[in-house]
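There are 2 protein chains.
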Amino acid sequence: MSMGRMARGSPKAGRRAETRTKAQIVEAAIAILDAEGEASLTFRALAARLSTGAGAIYWHVANKDDLLAAATDQVVSHAMATIDANAAAAEDAIRAISLAVFDAFDAHPWIGDQLSLAPGRSGMLQVFEAIGSRLEPLGVPQGARFDAWSALVNYIFGVAAQNADNARRVTGEMTREALLETIAGNWSRLDATEYPFLHEIAACLPGLDDREQFLAGINLILGGIFSAL
Amino acid sequence: MSMGRMARGSPKAGRRAETRTKAQIVEAAIAILDAEGEASLTFRALAARLSTGAGAIYWHVANKDDLLAAATDQVVSHAMATIDANAAAAEDAIRAISLAVFDAFDAHPWIGDQLSLAPGRSGMLQVFEAIGSRLEPLGVPQGARFDAWSALVNYIFGVAAQNADNARRVTGEMTREALLETIAGNWSRLDATEYPFLHEIAACLPGLDDREQFLAGINLILGGIFSAL
DNA sequence: CAATCACTGGAACGGTGTTCCATAAAACAG
DNA sequence: CTGTTTTATGGAACACCGTTCCAGTGATTG
Chain R
1 MSMGRMARGS PKAGRRAETR TKAQIVEAAI AILDAEGEAS LTFRALAARL
51 STGAGAIYWH VANKDDLLAA ATDQVVSHAM ATIDANAAAA EDAIRAISLA
101 VFDAFDAHPW IGDQLSLAPG RSGMLQVFEA IGSRLEPLGV PQGARFDAWS
151 ALVNYIFGVA AQNADNARRV TGEMTREALL ETIAGNWSRL DATEYPFLHE
201 IAACLPGLDD REQFLAGINL ILGGIFSAL
Chain A
1 MSMGRMARGS PKAGRRAETR TKAQIVEAAI AILDAEGEAS LTFRALAARL
51 STGAGAIYWH VANKDDLLAA ATDQVVSHAM ATIDANAAAA EDAIRAISLA
101 VFDAFDAHPW IGDQLSLAPG RSGMLQVFEA IGSRLEPLGV PQGARFDAWS
151 ALVNYIFGVA AQNADNARRV TGEMTREALL ETIAGNWSRL DATEYPFLHE
201 IAACLPGLDD REQFLAGINL ILGGIFSAL
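Chains as they are written, first to last, in this note's numbering: chain R, 1 to 229; chain A, 1 to 229.
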């Protein structure tokens, strides 16, 4: 859509002094998203940051969804780049990949809502492949591999997205702990005969570590995979 | 915010002929969302359907997020109402609840994006409690209950939301099967040395039953819970 | 009966994504 | 070197959105 010619003769990529690339635009978008939240990412704000007009951005990017998908893909790809390809044992590798995704979502909570636009992009595919390719070394037979992969990948992205939503609720006034205590308070104030379980586990909420909780779920699924062998 | 007086003396709830209730507004919003998708739910369209002005809606509803959260809550509550409180065995009950949520999301794909607004609402709490209260009868000891509950609930809502996203991509031209075949085609066209796993399981995609796949994940988690006993 | 309350509905406001296009620098053709 | 084409700009304009505001209206109340 953008890079048309550029190819053969020219050693230098940038033609004009004021020209932007799609990568620069996506980078600027991520900067705005991280600093001011998703509501603040507008084409006008982005254009201002890049010292250009809003219309120019559309030369590099199809629309806002495309921009957000590209930003999401960038972050996920970057997260995947940090994990070492074949260092750890398969089981630990799955944990490492899961946590890398979790951490990326936690650091960039705006991804949560945009997940739906990203499948099919390379970052997502990298994660899919990285998880899936660890199953055979783990001893999961051919017939069970798809179910195991599907459960893991769905859990990873589903939980990461939901956690990102929670992280988005934490801003300035409301600390994470205050939020958890508020929820715990609400639950323990529920009718104890109608909601006995929530009433009981409200106590588990304060001081909860989302990351460990996430990992506990991964371990539960891994346990299920092993017990089905 | 709305119902202030109304209480004691008056036998009739509706005072004026043209008056709407919040329930009616939410119902109309759900009708629009189901029929024309989330992009078509605007205050003006909603007002037109209710034969009123956009401003009147704000008497019953704080803002659009509130409206969407109420709509989501309505659908989830309704889904929970269909499952029988203490008919099945605990393990089957968990499956039934999970599938009820899954089906509700599948029937109303717009929920996917709005999930983040709903926690704390009664529909969500019903699901939380329904799942959690089945764990003790299942023999899960106190110390392991929170992890098991967390994994199940996160998986259920995470996967349901992602599946709703897929369902949203199926519209008119693109059937579900055509979509799966397109994805399978993309995966099998990937470089086989870089993406061996995706290349291999692309064949599993066509004819895939999302519901069964979802259930397989639930069973995997349940297996993990049991094997940890 | 007068005052208050519960609610209406349409106009108006600020802001958004997106389109359009006159312009201009770079690349290329001869 | 000269014209033409390609690549990209940046700001104006458009349609539409969520939200606010408020004069008005019918029921309820004291």
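Some hints could be false.
A pair counts as met if it fits within one copy or between any two copies, since identical chains are not told apart.
Within a straight-line C-alpha distance of at most 20 Å, the following computed DMTMM-like cross-link-like pairs (lysine to aspartate or glutamate) qualify [as the list claims (entries may be wrong)]:
#1 K64 with D113
#2 K64 with E181
#3 K64 with E173
#4 K22 with D92
#5 K22 with E177
#6 K22 with D191
#7 K22 with E173
#8 K22 with D209
#9 K64 with E200
#10 K64 with E38
#11 K22 with E129
#12 K64 with D210
#13 K64 with E18
Simulated from the structure, these hints should not be mistaken for lab results.
Checked hints:
1. K64 with D113: both (13 Å within a copy, 16 Å between copies)
2. K64 with E181: neither (36 Å within a copy, 27 Å between copies)
3. K64 with E173: neither (30 Å within a copy, 23 Å between copies)
4. K22 with D92: neither (36 Å within a copy, 51 Å between copies)
5. K22 with E177: neither (39 Å within a copy, 33 Å between copies)
6. K22 with D191: This pair counts as neither: shortest intra-copy Cα distance 54 Å, inter-copy 25 Å.
7. K22 with E173: neither (36 Å within a copy, 31 Å between copies)
8. K22 with D209: neither (37 Å within a copy, 38 Å between copies)
9. K64 with E200: Answer is neither; intra-copy 44 Å and inter-copy 34 Å both fail.
10. K64 with E38: Both: 12 Å inside a copy, 17 Å across copies.
11. K22 with E129: neither (26 Å within a copy, 47 Å between copies)
12. K64 with D210: neither (31 Å within a copy, 29 Å between copies)
13. K64 with E18: Cα proximity of K64 and E18: none, with 22 Å in one copy and 40 Å across.
Comparing the model with each earlier hint shows violations of hints 2, 3, 4, 5, 6, 7, 8, 9, 11, 12, 13; every other hint is respected.
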